[in-house]
Every structure is written in structure tokens, then in C-alpha cells.
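Spelled out from the first residue to the last, the chains are:
Protein chains: 2
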Amino acid sequence: MSDKTKRVPAALVKGFRDFPPEEEIARRELIERIRGVFEKFGFLPLQTPALEHLTTLLGADYGSENRQQIFNFVGPEDTEIGLRFDLTASLARFVAANRELPIPFRRYQVAPVWRVDKPGPGRYREFLQFDIDIVGTSLVAADAEIIAVMAETMSCLGIERYEVRYSNRKVLNGLAEYAGISQGAAGDVFRVLDKLEKQGREAVILELGPGRVDKSGDRIAGLSLPKEQISCIERFLNIAETSHPNQLDQVSGLLSGVPVAKQGLDELREIDLFLEGMGVDRAKARVDLSVVRGLGYYTGPVFETVLLDLPEYGSVFSGGRYDHLVSRFSGQPTPGTGSSIGVDRFLAAALKLQMISPRKSFADVIVTTMDRGRMADYFGMASELRASGLRVEVFLGDTRRIPKQLQYADRLGIPVAVICGSDEFDRGEVTVKDLLAGQKQSHDVKERDEWLKAENIQVTVPRKEMISHIKSLLSRQQG
Amino acid sequence: MSDKTKRVPAALVKGFRDFPPEEEIARRELIERIRGVFEKFGFLPLQTPALEHLTTLLGADYGSENRQQIFNFVGPEDTEIGLRFDLTASLARFVAANRELPIPFRRYQVAPVWRVDKPGPGRYREFLQFDIDIVGTSLVAADAEIIAVMAETMSCLGIERYEVRYSNRKVLNGLAEYAGISQGAAGDVFRVLDKLEKQGREAVILELGPGRVDKSGDRIAGLSLPKEQISCIERFLNIAETSHPNQLDQVSGLLSGVPVAKQGLDELREIDLFLEGMGVDRAKARVDLSVVRGLGYYTGPVFETVLLDLPEYGSVFSGGRYDHLVSRFSGQPTPGTGSSIGVDRFLAAALKLQMISPRKSFADVIVTTMDRGRMADYFGMASELRASGLRVEVFLGDTRRIPKQLQYADRLGIPVAVICGSDEFDRGEVTVKDLLAGQKQSHDVKERDEWLKAENIQVTVPRKEMISHIKSLLSRQQG
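Protein sequences appear in the order of chains C and E.
Quick note on my numbering: the first sequence kicks off at 1 and runs consecutively.
Quick note on my numbering: the second sequence kicks off at 1001 and runs consecutively.
Hints may be right or wrong, so weigh each one.
Said to hold, decoys possible - Here are some of the chain E residues that sit facing chain C, going by a computed Cβ distance under 10 Å:
1) 1017
2) 1052
3) 1053
4) 1073
5) 1077
6) 1079
7) 1273
8) 1327
9) 1354
10) 1366
11) 1391
12) 1397
13) 1401
14) 1451
Claimed, not checked - With a cut-off of at most 30 Å between alpha-carbon atoms, the simulated BS3-like pairs for lysine-lysine come out as follows:
15) C:464 to E:1284
16) C:215 to C:227
17) E:1464 to C:284
18) C:14 to E:1014
19) C:352 to C:215
20) C:14 to C:215
21) E:1404 to E:1464
22) E:1227 to E:1262
23) E:1014 to E:1198
Said to hold, decoys possible - Quick list of simulated restraints, FRET-style, between CB atoms:
24) C:398 to E:1117: 33 to 41 Å
25) E:1373 to C:213: 49 to 57 Å
26) C:210 to E:1422: 53 to 61 Å
27) E:1279 to C:436: 26 to 34 Å
28) E:1235 to C:6: 37 to 45 Å
29) E:1156 to C:117: 40 to 48 Å
30) C:97 to E:1373: 35 to 43 Å
31) C:333 to E:1373: 20 to 28 Å
32) C:421 to E:1387: 49 to 57 Å
33) C:228 to E:1427: 54 to 62 Å
34) E:1160 to C:456: 39 to 47 Å
35) E:1009 to C:120: 32 to 40 Å
36) C:187 to E:1371: 33 to 41 Å
For the record, the hints were derived by calculation from the structure and aren't laboratory data.
From a predicted model like this one, the values you see are computed outputs, not experimental measurements.
C-beta: ideal position from N, C-alpha, C; glycine also.
Please model the entire structure based on the sequences and the hints provided.
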């Protein structure tokens, strides 16, 4: 293997990345805190395979365009398979295949998904999704609960300035009917309306009409809707883009002739009532009739979550109600509602908001090993410390030099070091060093030693006091 | 989508499986308990991509045989990529690419791996591995620590009857030298010796010599070693297959002329000393010179873990020292040592040993919803209960019938139900039901109701006593 000709580059596949410990520790903390919220509401974990039949992922009549988004290949037994690109298709397959499940089925799943997107800064081909869904219920109470979970998740992460915004596809369908837009054309209209937050009103109106030229000079084709249709949409937006408490009544008035809109608005009022009952802070979870959510399969309430201090991250937690998802497999309509977090992007935001403090190690203590003849004793100390509940690393690198060993501990942010040479062993003592305290820059070793003692930074204590001394040092550091 | 012709089967890819909540809850519990042990010893999490360059997985000169084991395909940018089949290749790639890592680098990784094996009962193509490694240290103290972590993991899982057994490839290399077996032939000999535990001494001796016929009548070719070589191996096995405390000295005597064997035995003595220092129960972690471990890349100590009550599971946690792993990329020898758990097989064993108690839900309480006009109130109760630290599910299924709702809760093993109809609402009361207590089979509703009250199974309490009543019920259930 040491033959030079046989070497290969230590390279990642394009669009993929590692999560080194510092990042993975933060990611795990985020996941565990979110998981705690989901479990508090009775959601249960499901895990499904990374590889699925291509028909599971895309349906029977998948086009080549969708297929290009998926890492797919012909696998064993000549089967067309692909890596999942979301968690929803697998959930639908699971529900369709397990008809004896307790219904409603509340599940969460946190797992990587893969997409053949063009990689770029912050754009990867593998990313972690964290989904919750309630499958098998048509009650709008389930949508309200999803919204409550979304708000509770933000709160539990210590995020103060966020908004969970929700609307209802039925209101939008009603708007399309009111404006005289055909069902076939409505999808395109919604796709344009979905750009409101990012592009602004003017750009959206242009895209509904003649089209526009974007910042980079590219021409974006318009839908060429007739003026009257655009006027109808503008009338709706005039109401939707305010957060006036009367908003629902005003839209009720505007769309009074359209039953589906009325149904949608009634559902939104019901959600309001339920959120009230749950004690959800209504300043942080509110109707926003301009919310669309891009995906075609939503059929009722839709939700999104915006970080008010990081609007450029877009929605970090979004979803909606779907009624036809399982029918790809079963032909039976199985209603459901759910929401999804893109964990990696959310983590970037949480770190930026300092909601997660990065750390490089879990160890509370490093036991340094200057005297290799005493390794068994160092291991004994470490066992003793672990038995007292501490997390302890024994330095196992090749160097015996204490400064190098402490440097290693510093790089990992380990807060306390135990140092024990033959002198200490002979006297039944041990030296405990506070690694978080600033190190004095002195070349005079004697002066430095005295300072370390005076400042309680490096203290030699009887071996039997080691644990209590370290524990009080750790609580002093945290306090 | 409801068009029959468009339906697709809700089928898993062959060799893959789902983990429904009951299994995933158990798996998560196992993983979290193991993670706790690893972190107590200073191991840090790493995550790497599922997809790697084929050269990363197999090295530059991979043969078609190994490639067939890997789910591989030509990906975007015409790159030959594959799903990882273990976690070690990615660790090596990561270490080679990140030369500034603090060394030694202690990492754990828990992640699925994929192999194109022939699927069968208990044999899947996707399975979870949980690895620990210490990279960048040649100290045998690191091997001792891995062994200690293996033993501690078993203990922390409440497994009493296990054995961590370890040996050293250097002793085996010494045996080969002593028996006059060439380095090239030694690998095959070790592969045969690895079958000792499963096939027994006689079968192994036959395979070293003329070959044998196995139980199913298939002929297994032998290595046709000359008699004298087999005699040498038998002399070694006579010592190795005892657990005599003098064993190391006896092998020392047998292989006294072979320096590499002496080195290997010295390392084993050192490991013994360190385990002693760590206070590891030596009845549960002991030298076993018959341990081989199949993989070719081990160069020093090797370890395995056997569940004494489930020997048919083989080793559930095994590994060893390797010195050449990173050199595929860097050409530099980077020593390391580590061990790996096959989580899914280990979970099956842990469930069989009742070390993990299966549960179907996390919820402590279900709030039933008989009166749909009171949903906001039910949600309010649930919020109140959650604020007190309980995990609470609100029933959101379509049925309003309480027996159906309780049946749902029973299926999920939720221990307590809250029931509140308009009577209770009017009186400011709530009914709390113990769902774990046996249900009386009586058709006389009145008699049954009295019995429920008498046995404290169903109690109506003032609403403000709801939380304290439920908490005492839960602690009574657990006690």
C-alpha cells in the first residue's frame, strides 16, 4: 500500500462534505433538542432505507426531468433504484404497506436525503432532513398541532424572534376561482405568488403579466394573465399583505361567492382557536394569507417559519396538508399533514444566532501522561473520575511532554487537566490545572509558577481530594 | 393519481427494511446508551457522506470482486461513486485530508453502510454500524482503552454474561514463523484458524490439512499444510485453547526463538496491566490466543466480544490495531486502533437478553377528544400537562368514540388517559384512567364502573388536581 503508484486522492465526491466533531456535536445538540419537542407531542421515530424503488420515489409515470434530480442506478436483481430525495415518499410507501398501523400515525424521521443539484456555496447534494407528519386524519386540529410544534421548537431552541406563518391552499384556490383562473393554470400562478417575500410585490405582478428582467439582466417570462385577473389578485394581496386582525373577514368579503374560500377561511379561524387553546404566543404564530409554499401536493393549510433576524435563510421549518400522497400506492386517499426542517441550513442559522454554542469535545478532564511507566496509574485515575460521573480522556499521543499534551487539550477545549509525575505519585498528590484560565506570558518559570498557584490556576492537592477539587473547579468555570 | 393504471407497489427494495417506531425506539435507546459510554472516554462524533469515490472505498487497484460488494454507479460529472460499505475507509480518507487534526484523533461514528450481499433471514443490504477508533497513536495503551470501552459498553447495557477476548496478530505471525509458514500463506492459515470457535478444533485441523466435508455434504478444500506445520499449530492451540493464567508464559516458551511473538506477548502483558489499572473485571476481559479476527489489515492486538448466553450471535463488538490504513491516500503510515458494533444484530441480541425493553410510544398521557366542540380545551389541557414535564398526545383521529380512542392508546402502550365530556367540563372536573391496569371483562356497565372506581382505575378529580393525580398515577405504575 505504501507504493506511490497506488495512492489515491483523499477527496470527497463533489457536492458532499464531512461533519468534523465540532460541527457534528452542534448538529447532534440541535437534533436532540428538536427530538425532545417532537416526543413531547407524541411523535414517534420511523426509519426507512436510503435506497427505494424509483417508482416509489417518482410514481409510475415519472418524467426524465425528475429522474435527473435523483441519484439512481440499476441495482442488484436488475432493479431501478435511487437514493431518497425526501422523506415523504418513503413515509407514503410505509403507510401504504402497513395498513394495520395505529391511526393517526404520528412519526418523525431525521435522515439524510440526496439530490443531484448543482453544488455551490452552501448547496450540497446530501443534507439532513427532520420531518414530522400526522397521517390518517382529516381534522384541522392536526394542522394546528403541527403549527404549535413548529412554534414550540423555535422556543425550545431559545429563538425569540421568529414567526410561524400559515395560510390555506383552499383560500388560494378560491382566489383562482374568483379571478377566473383555470385549475390547470393555477399552479403556475401560485408558483409566482410564492416569490412574494423574496422578490416583492412589483416583481410578482410583472411575472403574472408581461414578465420582467431580473437583477442579473436575465429575462423572466411572464404568465400573460389578462388585466382583470391581475386586478383580482392585487385586490387579494392588498388585504393579504397586511397583518390586520380583520384580515380574514375582509378576504371573506372579497371571496364571498366562492365556497372553497369560505371553507379555507373557516379552517384558518379554527386553527386560530386551537392555537389560542394551546397557549401559543399569537404574535409568533399568525395567519399570513400571502404564504403559498411551492409544492404541488398541498391541499389545505400550509405553514412556514421565518427567523426575523435572518430573513435571508427563508423558511427553516415548513409544510402543509396533503390528501393524496399515499394514493400513488393504494389508490385510497389518505389525508395527512406535516412539516420539515432542513437541518443543515437551520444549524447554520442557529449557530449564527448563537442558539447553539459550538464545542470541540465532551471531555471534562484530560489525564496527562508524562511518565509512561505509570500508564496503569493514569488509567486508574481516569476510571475513578469517570465513576464519579465525569467524562475523561487519557492522553494517548506519542509525546510525553506536558506542554504538548496541554496544547492538545486546549485545541479540544477540555477545561481541566490532571498532571501527575513521580514526585506527586511519591507524595500521594496530584496537580489539577484550570485550562480555561488565561495563561500568563512569563518567561520566568518561578514567577509563573507562583502566579499559577496564587490564581488557583494550578493547584496540587492530596490524591483523595482530586475528585472534589475538580468538581468544584468545573462548577466555578461554568458559574 | 387515483387512476388504477398509475399505481405502484408499496414495496421495499430487496434486502432492505423499515424500522417502525417500536424497533426504532429500541434502536435509539441502544445507540444513546452506547454513545454515552463512548463520550465518557472522550470519543467525538464524526459524520461522513454516504457516497464516496470508488477509489476511496477500494483503493486504486480494486478488483471486480470487491466492487461487486458495493452499490456503485457512475454519478454526476461522470464520477465512479459508491455507497460506503464500512466506516473505516471514510475515516481514513478524512484523516488523510485533514492533517491539522488534533492527534490522537478519537472519533465515533454511527451510520448505515450498504453491501450487495445475498439477502436472507437476518441478512440485510443496509445496516447500521457504530465504530470507535483512536487514530495517530502507536501506544498499546490505546488498544487497552478500546478493550476497556468494549467491556464498559457491555456493563452499561446491563449485560452481565459477556467476555471481551483479545489476542495479538504478532503472536500469530510468530506462530507462522515458528511453523515455517510463509508470509504469503499465513493469511489463509489465519482465515482457517478464525473458524475455531464456530467449527471446532477437529474441523480446523482438517481444513489446514486435506480438507473436509461439512454438514450439508459440501466439500471444503484444505490448505494441504505438511504434517510438521500442523503439529506446530496444534502445539500452540493446546496452550491457546485453555484459559490457564500461565498461558502467556507457556506460549513464550513455545515461541521463544521468534522475536515478533515475544513483542506480541509483551504487548498483551502490558494490556493486562492497563486493564488492571482501570479496574476492568478481568473475568470479563481476558487474553484468548485463539482469537484471530478475519480482516487482513490488522497488525497488532485484536479484540472481540461474545455474549455468553447467545454464542450463536458470534462477536458483537470487535476490532483491532491497524497501521497502514491511511497510507492508501497519504503514503504515510498512520497507526490506529478501533472496534465496531453491528448495531442491528446487537439490538436483536439485546432485545433477546431483555437488556432493552421495547416500547411503542413515548407519550405518558393521551388526552381523548370525545367532544369535537371542545378541541381548544383539550389542547389547553395537553399544554398544561406538557408544561409540567409530561409527554402528551392529543387524540386526533376521526372517531369520537372513547372506546376506540382508548384502544388506540392501548396499542401504543400509553399508560394514562384523560377523559373529559361536557359533564366534566361543567363541573370543572376531569376523569383520569389507568390504562395499564387490567380491564374487567364485565358486560354489566354499572358493576364495571363501580369496580373501576374501587380499584382506582378510573377516577374523576377536580381539574386543578389533574397534574398531581396523573403524576402520582405514573409513579405508582412505574413503582
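Evaluation of the provided hints:
1. Annotation: interface hint on residue 1017 (chain E) holds; nearest CB of chain C at approximately 7 Å, less than 10 Å.
2. Because the smallest distance between the Cβ of residue 1052 (chain E) and any Cβ of chain C comes to about 6 Å, under 10 Å, the interface hint for this residue holds.
3. At a threshold of 10 Å, the smallest CB-CB gap from residue 1053 (chain E) to chain C is about 6 Å, leaving the interface hint in force.
4. Proximity of residue 1073 (chain E) to chain C holds as hinted, the smallest CB-CB distance being about 4 Å (cut-off 10 Å).
5. Among the interface hints, the one on residue 1077 (chain E) holds; its C-beta lies about 6 Å from the nearest C-beta in chain C, closer than the 10 Å criterion.
6. Taken as an interface hint, residue 1079 (chain E) checks out: its beta carbon lies about 6 Å from the nearest beta carbon of chain C, inside 10 Å.
7. The restraint placing residue 1273 (chain E) at the interface with chain C holds, with a minimum CB-CB distance near 5 Å, inside the 10 Å limit.
8. Checking residue 1327 (chain E) against chain C by beta carbon gives a least distance of about 5 Å; that is within 10 Å, so the hint holds.
9. Proximity of residue 1354 (chain E) to chain C is violated relative to the hint, the smallest CB-CB distance being about 21 Å (cut-off 10 Å).
10. At a threshold of 10 Å, the smallest CB-CB gap from residue 1366 (chain E) to chain C is about 8 Å, leaving the interface hint in force.
11. Evaluation of the residue 1391 (chain E) hint against chain C yields a held restraint, the C-beta minimum of about 5 Å falling below 10 Å.
12. Here the hint on residue 1397 (chain E) is kept, as its CB sits about 5 Å from the closest CB of chain C, short of 10 Å.
13. For residue 1401 (chain E), the suggested interface contact is broken, since its CB lies about 14 Å from the closest CB of chain C, more than 10 Å.
14. Residue-level restraint check for residue 1451 (chain E) is violated (minimum Cβ-Cβ distance to chain C is 27 Å; threshold 10 Å).
15. This hinted pair checks out: residue 464 (chain C) and residue 1284 (chain E) have alpha carbons roughly 28 Å apart, not beyond 30 Å.
16. About 25 Å separates the Cα atoms of residue 215 (chain C) and residue 227 (chain C), which keeps this hinted pair within 30 Å; it holds.
17. Distance check on the hinted pair: residue 1464 (chain E) and residue 284 (chain C) sit about 28 Å apart at the alpha-carbon level, within 30 Å; holds.
18. For the given pair, residue 14 (chain C) sits about 29 Å from residue 1014 (chain E) by alpha-carbon distance, which is consistent with the 30 Å threshold.
19. For the hint pairing residue 352 (chain C) with residue 215 (chain C), the CA-to-CA distance comes to about 27 Å; that is within 30 Å, so the pair holds.
20. The straight-line distance between the Cα atoms of residue 14 (chain C) and residue 215 (chain C) is roughly 29 Å, inside the 30 Å bound, and the hint therefore holds.
21. As the CA atoms of residue 1404 (chain E) and residue 1464 (chain E) are separated by approximately 27 Å, the hinted pair is consistent with the 30 Å bound.
22. Note on residue 1227 (chain E) and residue 1262 (chain E): the hinted pairing holds, with a Cα-Cα distance of about 25 Å set against a maximum of 30 Å.
23. At most 30 Å may separate the alpha-carbon atoms for a hinted pair to count; residue 1014 (chain E) and residue 1198 (chain E) meet this at roughly 29 Å.
24. Separated by about 39 Å at the C-beta atoms, residue 398 (chain C) and residue 1117 (chain E) satisfy the suggested range of 33 to 41 Å.
25. In this structure the hint that residue 1373 (chain E) and residue 213 (chain C) lie 49 to 57 Å apart at CB holds, the actual value being about 54 Å.
26. Here the CB-CB span from residue 210 (chain C) to residue 1422 (chain E) is close to 59 Å, well matched to the stated 53 to 61 Å.
27. Between residue 1279 (chain E) and residue 436 (chain C), the C-beta spacing of about 29 Å keeps the proposed range 26 to 34 Å intact.
28. In this structure the supplied range 37 to 45 Å holds for residue 1235 (chain E) paired with residue 6 (chain C), their Cβ-Cβ distance being about 38 Å.
29. Range check, residue 1156 (chain E) to residue 117 (chain C): about 42 Å between beta-carbon atoms, so the 40 to 48 Å window is met.
30. Look at residue 97 (chain C) against residue 1373 (chain E): about 36 Å separates their beta carbons, and that is inside 35 to 43 Å.
31. The hinted window of 20 to 28 Å between residue 333 (chain C) and residue 1373 (chain E) holds, with their beta carbons roughly 26 Å apart.
32. As the Cβ distance of residue 421 (chain C) to residue 1387 (chain E) is approximately 53 Å, the hint placing it in 49 to 57 Å holds.
33. Checking the proposed 54 to 62 Å range against residue 228 (chain C) and residue 1427 (chain E) shows it holds: the Cβ atoms sit about 58 Å from each other.
34. Look at residue 1160 (chain E) against residue 456 (chain C): about 44 Å separates their beta carbons, and that is inside 39 to 47 Å.
35. Checked against the hint of 32 to 40 Å, the pair residue 1009 (chain E) and residue 120 (chain C) passes, with Cβ atoms roughly 37 Å apart.
36. Between residue 187 (chain C) and residue 1371 (chain E) the CB atoms are about 39 Å apart, so this pair conforms to the stated range of 33 to 41 Å.
The structure shown violates the earlier hints numbered 9, 13 and 14.
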